[in-house]
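Student: These are the residues of each chain, in order.
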Amino acid sequence: MKIIVCVKQVPDTSGKVAVKPDGTLDRASMLTIINPDDVNAVEAALALKDEYGCKTVVVTMGPPPAEKMLRTIMAMGIDEGILISGREFGGSDTYATSQIIAAGLVHLGIDDDDIIICGRQAIDGDTAQVGPQIAEKLGIPQISYAGDIKKEGNTITVKRMLEDGYMMIQMKTPCLITCVKELNQPRYMSTYGIFEAYQKPLAVYDYNTLKDEPLIDPETIGLQGSPTNILVSFTPPLKGAGTILEGADMNTCKTLAKILDDKHIIR
Amino acid sequence: MSEYNNKDLAAFKDVWVFCEQRQGNLMPTDFELISEARRLADELGCKLYGLLLGGEGIGAKAKELAGFGADGIIVCEHPLLETYTTDGYTKVIVDTVKERKPEVVLFGATNIGRDLGPRCAARLHTGLCADCTHLDVDVPGYQQFLRGASTLDEARIGGLDTALVMGQKHDVSHDLKMTRPAFGGHLMATIICPRFRPAMATVRPGVMKKAPFDEAKANAAEIIKENVVLAESDFETKVLSVEKAAKKLVDLVGAEYIVSVGRGIAKDVDLGIKLGQQLADELHGVLGGSRVVIDSGWLSADHQVGQTGKTVHPKVYVALGISGAIQHKAGMQDSEMIIAVNTNPSAPMFEIADYGIVGDLFKVTPMLIEAIREIKANK
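Line by line, the protein sequences are chains A and B. First residue of the first sequence? That's 310 in the working numbering, and the numbers climb one at a time after it. First residue of the second sequence? That's 104 in the working numbering, and the numbers climb one at a time after it.
Watch out, some of these pointers could steer you wrong.
[What the hints assert, rightly or not] Result set (DSS-like, lysine-lysine): computed pairs, CA atoms no more than 27 Å apart in a straight line:
hint, chain 1, residue 1, chain 2, residue 2
1, A, K490, B, K370
2, B, K341, B, K164
3, A, K459, B, K341
4, B, K312, A, K572
5, A, K490, B, K164
No lab work stands behind these hints, which were simulated from the structure alone.
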């Protein structure tokens with residue numbers, strides 16, 4: 310039994326988002342972080358490890374510097390890291406990305422009692438598509454938006470959050486779960502964990518590693534294998550500046566109330 | 104069934120909207136998407152169908168959907184479809200798509216739509232664009248949209264009738280152009296799915312405008328009962344129960360007036376929330392909050408406006424003590440009128456506000472409530 314966590318390194322959009330004149334993101338000038346929802350996925354894996362003593366593996370697809378992020382996650386307690394990285398994988402949309410990650414997981418080997426955990430969505434693209442699409446490519450069941458996970462033997466019971474409530478759903482391993490931030494409170498790295506992280510195994514899967522996997526062919530990976538294309542990316546115009554009503558006093562509030570009344574807002 | 108070839112673009116026609124239901128009740132996104140998809144079907148010169156899955160008797164809801172502009176509703180009734188499951192719904196939708204070959208399939212970007220759409224797209228080997236906020240087929244219409252919504256220059260916009268696809272110049276006039284925000288709305292991208300069909304998208308709830316209900320259209324709609332082939336053995340997940348949230352959740356998406364509170368209430372959370380609620384009551388609106396308010400547990404998650412919360416476009420949005428992080432702005436910047444109250448004159452919220460007051464919300468809000476009451480008293 311092992312728990313596999315899929316994570317993504319993303320630009321930190323909580324600060325200033327840098328956009329190049331051509332409308333694409335200036336990634337080089339931005340700091341990178343572990344995608345926030347993925348940190349909850351890591352915690353969910355570690356909680357299962359605490360309970361069952363099972364092996365945990367973190368998997369990411371990205372450029373070589375993403376290795377550092379994997380070390381950080383291993384410092385939290387994950388046992389092994391896998392970096393899927395290769396020029397051939399570049400330009401992949403969610404479909405092609407899922408295909409490649411699924412191939413990486415098949416290469417790693419998925420046992421009958423394994424669980425794959427992903428964050429709900431990444432803050433750069435906000436698609437929430439890669440988790441379910443990995444499950445589809447692996448032909449295993451998924452439950453997304455997990456707010457609670459219970460394991461009893463090979464039966465996994467998940468509280469699946471909805472906008473207006475929740476569903477309780479059961480499935481058997483191997484299976485995939487995507488989790489929301491309400492699921493747990495992630496732990497911090499420990500000093501010993503940081504030291505230990507650099508002793509733990511980290512494998513790099515490149516195109517040559519995965520090229521014989523049935524899921525990998527030029528028709529399904531990279532730019533060429535992506536069903537979607539970006540027609541154009543652009544920045545929205547700034548909305549024209551509004552009116553600052555001078556003075557935070559009763560007169561100003563009366564002026565604002567009058568404006569609302571003139572627009573038939575006060576009823 | 105003829106052989107299914109997702110690259111034979113000419114074999115695909117018509118626009119479909121997946122119509123989500125929960126406990127037999129249609130979702131607001133169904134009406135929004137059918138209303139919007141009417142225009143897309145007209146631009147493509149094809150028909151618009153709703154795709155409704157549910158338990159026995161769900162077909163009775165078909166006319167309610169069609170009245171918003173569909174030519175027909177494809178009804179898939181089966182006892183095993185009563186409650187949403189990823190596996191059951193994916194199988195039936197994929198079977199129906201392969202049988203009838205629609206050109207476009209839209210889903211509401213609800214928690215269910217975003218679970219189902221990716222799974223269907225992956226099985227059909229086609230493209231899916233997540234959480235779209237604008238859709239076009241017609242190129243001049245799309246270019247007109249960009250003139251208002253982007254900072255692109257005219258030459259660039261003019262050249263967007265073609266795209267470079269696999270090194271070849273590709274005419275996009277028959278492609279669905281799916282526009283969506285990324286990075287909290289700082290960047291927008293238009294996505295196409297030029298080589299495969301159907302083109303699929305999930306569409307953000309609350310963004311598309313609902314058309315008026317048309318009784319004649321509802322009565323004229325073609326109701327197609329699909330033969331559903333589904334067995335227990337098709338399921339790998341089992342729904343044990345469906346629970347509605349006990350507390351009545353605040354309906355931010357449908358609200359016309361929203362008063363939201365942010366970090367500015369930190370020095371007296373209870374009073375800040377009370378003042379926000381009072382002002383919302385005066386405006387016959389509802390109370391919202393920024394991410395910090397929800398993360399700190401001051402308001403429940405159903406109150407959250409922003410990238411990770413709800414996208415709203417009320418007539419009036421009042422931001423009390425909200426600085427205006429991009430993630431928050433992404434969820435409310437399309438409000439018809441924005442009013443900001445903040446002690447910090449350089450708060451980003453003032454950049455998009457129509458009216459701003461630089462001041463302490465704890466002093467300004469009671470005065471504003473009083474001024475509104477005064478006007479009401481004199482009516």
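Student: K341(B) and K164(B) were given as a pair; does the straight-line alpha-carbon distance stay at or below 27 Å?
Tutor: With a Cα-Cα distance of about 26 Å, the restraint between K341(B) and K164(B) holds, given a limit of 27 Å.
Student: Is the hinted pair K490(A) and K164(B) satisfied, with a Cα-Cα distance of at most 27 Å?
Tutor: At roughly 35 Å apart (the allowed maximum being 27 Å), K164(B) and K490(A) break the hint.
Student: Within 27 Å, alpha carbon to alpha carbon, are K459(A) and K341(B)?
Tutor: holds (14 Å)
Student: So if I understand the rule, the pair passes when the alpha-carbon distance is 27 Å or less; does K490(A) with K370(B) pass?
Tutor: Since the Cα atoms of K490(A) and K370(B) sit roughly 26 Å apart, the hinted pair holds (cutoff 27 Å).
Student: Can you confirm whether the C-alpha distance between K312(B) and K572(A) stays at or below 27 Å?
Tutor: holds (21 Å)
In the structure shown, a violation is registered for the earlier hint numbered 5 alone.
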